Amino acid sequence: MTRSAMNPVAFLTRRRGGKGWHWTDVVTFGWLALSLVMIFGPALWLLLSSFKTPAQLAEFPPTILPYAAQTATVETKTGPKALPLYTVELPDGSSAVMAELNRVGIMANMVRPEAPDDPVKVNINARKPLREVAFATDNYTTPLKQFDFARYLRNSVFVTTMATIITLITNSMAAFALSKYEFRGRNGVMMVIVATLMIPLSVNLVPLYSVVSSLGLMNNLWGVILPTVATPTGVFMLRQYMLTIPDELIEAARMDNASEWQIYWRIVLPLTAPALAVLAIFSVVWRWNDFLWPLIVLSRKELFTLQVGLNTYAGELNVQWQFILAMTVVSIIPVLIVFVFLQRFITAGIAGTGLK
Amino acid sequence: MTMQGEAPAGAGNPAPQQAPARRSIGAVLAAPVGLLAHLLDGPMRFWQRLAGRGGMIAFFLLPNMAVFALFVIVPLGINVAYSLSGGTQLFLPSRSFVGPENFARLLTCDNHLAPATCRDDLFWIAVWNTVRFVALQVVVLVAVAMTTALILNRSIRARGFWRAVFFFPVLLSPVVVGLIWKWIFQRQGLLNWLMVEMGLDPVNWLTDRTWAYVFSVGISVWAHAGFYALILLAGLQAIPRHIYEAAEMDRTSPARAFRRITLPLLWPNLLVVIVLALIRAVQVFDEVYVLTGGGPGTSTMYLTQYIYETGFASTLRNPGVAAAASLMMGGVLVVLTLAQIALTRWRDRQ
Numbered sequence: 017m018t019r020s021a022m023n024p025v026a027f028l029t030r031r032r033g034g035k036g037w038h039w040t041d042v043v044t045f046g047w048l049a050l051s052l053v054m055i056f057g058p059a060l061w062l063l064l065s066s067f068k069t070p071a072q073l074a075e076f077p078p079t080i081l082p083y084a085a086q087t088a089t090v091e092t093k094t095g096p097k098a099l100p101l102y103t104v105e106l107p108d109g110s111s112a113v114m115a116e117l118n119r120v121g122i123m124a125n126m127v128r129p130e131a132p133d134d135p136v137k138v139n140i141n142a143r144k145p146l147r148e149v150a151f152a153t154d155n156y157t158t159p160l161k162q163f164d165f166a167r168y169l170r171n172s173v174f175v176t177t178m179a180t181i182i183t184l185i186t187n188s189m190a191a192f193a194l195s196k197y198e199f200r201g202r203n204g205v206m207m208v209i210v211a212t213l214m215i216p217l218s219v220n221l222v223p224l225y226s227v228v229s230s231l232g233l234m235n236n237l238w239g240v241i242l243p244t245v246a247t248p249t250g251v252f253m254l255r256q257y258m259l260t261i262p263d264e265l266i267e268a269a270r271m272d273n274a275s276e277w278q279i280y281w282r283i284v285l286p287l288t289a290p291a292l293a294v295l296a297i298f299s300v301v302w303r304w305n306d307f308l309w310p311l312i313v314l315s316r317k318e319l320f321t322l323q324v325g326l327n328t329y330a331g332e333l334n335v336q337w338q339f340i341l342a343m344t345v346v347s348i349i350p351v352l353i354v355f356v357f358l359q360r361f362i363t364a365g366i367a368g369t370g371l372k
Numbered sequence: 019m020t021m022q023g024e025a026p027a028g029a030g031n032p033a034p035q036q037a038p039a040r041r042s043i044g045a046v047l048a049a050p051v052g053l054l055a056h057l058l059d060g061p062m063r064f065w066q067r068l069a070g071r072g073g074m075i076a077f078f079l080l081p082n083m084a085v086f087a088l089f090v091i092v093p094l095g096i097n098v099a100y101s102l103s104g105g106t107q108l109f110l111p112s113r114s115f116v117g118p119e120n121f122a123r124l125l126t127c128d129n130h131l132a133p134a135t136c137r138d139d140l141f142w143i144a145v146w147n148t149v150r151f152v153a154l155q156v157v158v159l160v161a162v163a164m165t166t167a168l169i170l171n172r173s174i175r176a177r178g179f180w181r182a183v184f185f186f187p188v189l190l191s192p193v194v195v196g197l198i199w200k201w202i203f204q205r206q207g208l209l210n211w212l213m214v215e216m217g218l219d220p221v222n223w224l225t226d227r228t229w230a231y232v233f234s235v236g237i238s239v240w241a242h243a244g245f246y247a248l249i250l251l252a253g254l255q256a257i258p259r260h261i262y263e264a265a266e267m268d269r270t271s272p273a274r275a276f277r278r279i280t281l282p283l284l285w286p287n288l289l290v291v292i293v294l295a296l297i298r299a300v301q302v303f304d305e306v307y308v309l310t311g312g313g314p315g316t317s318t319m320y321l322t323q324y325i326y327e328t329g330f331a332s333t334l335r336n337p338g339v340a341a342a343a344s345l346m347m348g349g350v351l352v353v354l355t356l357a358q359i360a361l362t363r364w365r366d367r368q
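From first to last, the protein sequence lines stand for chains P and E. Going letter by letter, the first sequence gives residues 17 to 372 in my numbering. Going letter by letter, the second sequence gives residues 19 to 368 in my numbering.
Derived from the structure by calculation, the hints contain no laboratory data. Heads up, a few of these hints could be off.
Cut-off 25 angstroms, straight-line C-alpha distance, at most; resulting in silico cross-link-like pairs (DMTMM-like, lysine to aspartate or glutamate) [stated by the list, open to error]:
#1 P:K161 x P:E332
#2 P:K137 x P:D164
#3 P:K144 x P:E130
#4 P:K137 x P:E91
#5 P:K144 x E:E215
#6 P:K317 x E:E327
Quick caveat, the model's predicted, so the values are computed rather than measured.
Okay, chain P solo, but in the shape it has when bound (with noise of 0.2 angstroms):
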């Protein structure tokens, strides 16, 4: 059968082997189904809701596309204005699409626009506002001018940046070290990174904060990096990867009279690129999205991360969800841009391997 001969139920529908369906195929095609409505839907849902007006957010039960009133400019008595439109019934049945001067009661004064110095008085529930699909723009043009997201996506720019070219930097050092040579105590100091892995943050919360803060390194963003920098997560990736770099090679090149230093980063750095670029991707990722740590060390809104910054605006009593659902979209972008481009290194580095 080819595939041109085929009607579009049967392309749809059509089994390997053609043996028709079977139940597990039902299962597969409803748990697809399912799960990109569950987990796109919602961030659809936020992307549409961000470009709202607060009136509109308000609503319920809600739109789904973003919507503003539709006006018309009218030559009123004192001049030409803008006002909203709205489709109205009129008494004998029929329907037309009329401006709003203005309101008393439930009474308003309604003209047509090309025949403004007709005014008729309307019953407010015989009429339905006139809207058209618009985007909100102003919910991200707002905070990032008049408050201080601005502000906070520059601090989370510079926490992420820094926090993984250290990163990359101390975690390699380290795991060259510990990878082409043997030295008495290397088993140790494996073995204390092994017992860093074992202490997450929640754990040595209270007395981080007290030597961050004996460093004085608390409200400024050198605390909220330099506690993160050395992940042991990064020093066993690239040493596993820096294993597989022949011996041979390294003593080549000693017997050039190449120094250890120069090895390092002549020899095993830029062989190590493919695992170096997944822990840059890692790092940005965890860093980007760091939240707790970061809300302990900044209590000065200036210095916020978009994380905190977020969190702070949302538990706020008048929450503007306006902008916060605007700014979340924000702080997804580079995230977005990470998943786009880059999220098969990852998943073929997580599926490629897993957790050896």
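Following the hints, put chain E in place on chain P, whose structure we already have.
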């Protein structure tokens, strides 16, 4: 230090492959680093002559180990000191030694199942909340991840695309996860719209104790299932195809093939995933804190939030009690992590 959301030991080991020959973004970004490294060539050679190869090893290890020492090992010692001393001071010398008093305060109960009878009722509320959370979350998480992995392991079209779809929530920050769902669960949110459309009454989801608990589990499964699905998928793909083909020849039903082939061969991976999920679930905080703030009341307040609030936020700030609680949680995590390491070794020998 393992930050929230960090991958576990060795996850994401990249398969060895040749570095691309063409000039990539990485190469461009690495250029300034290369220049700096080049400038250090001279001093480094000098240092090597002075300290020998051993000195170079120490130099390579120093930055990483210094950070570990300063921000993990030293704090751990301070944590023990805090847990054995009283008062609200953070400055150690001004705290008074109280011995195991903080532990006693946390552990003294007439009936451990009824937090109201405990000296620190909030701690036991948090403990039982966490137990309830972990019990449901790990089961649902592993079930969802397993189903997803099994389905992605079938010969479906565009598997790479689907793998990416399930990975998307894993990359989102906990704050974003919390906010996305808070917006959906709010009184005039998407979920209530669906309720009204189906002819049901809207519910105030996040002020209902049961729903808040269910959704705290739900969003953390939503955020993490993709990660575990990928690990399980790797395990599934390691099972030789020909075993299934032989089973198909013998007209084995898929359910039977799952029970007799997939489950026994995947079991080592599954155990590792379960322990890993347990470790993460015990520490649950960020996304739930953003979604519910621990509420309504204290019904979704979990252990990490208890530690955070006792240590920092609450008006009854008590670092000693927070330290004691975090050390006890740490004890549980150490046991779980050792189990995970042992299991990983055992699996890799299989």
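task = Could you tell me which of the hints above the structure violates, numbers in ascending order?
result = Hint 2 is the one this structure does not satisfy, whereas the remaining hints hold.
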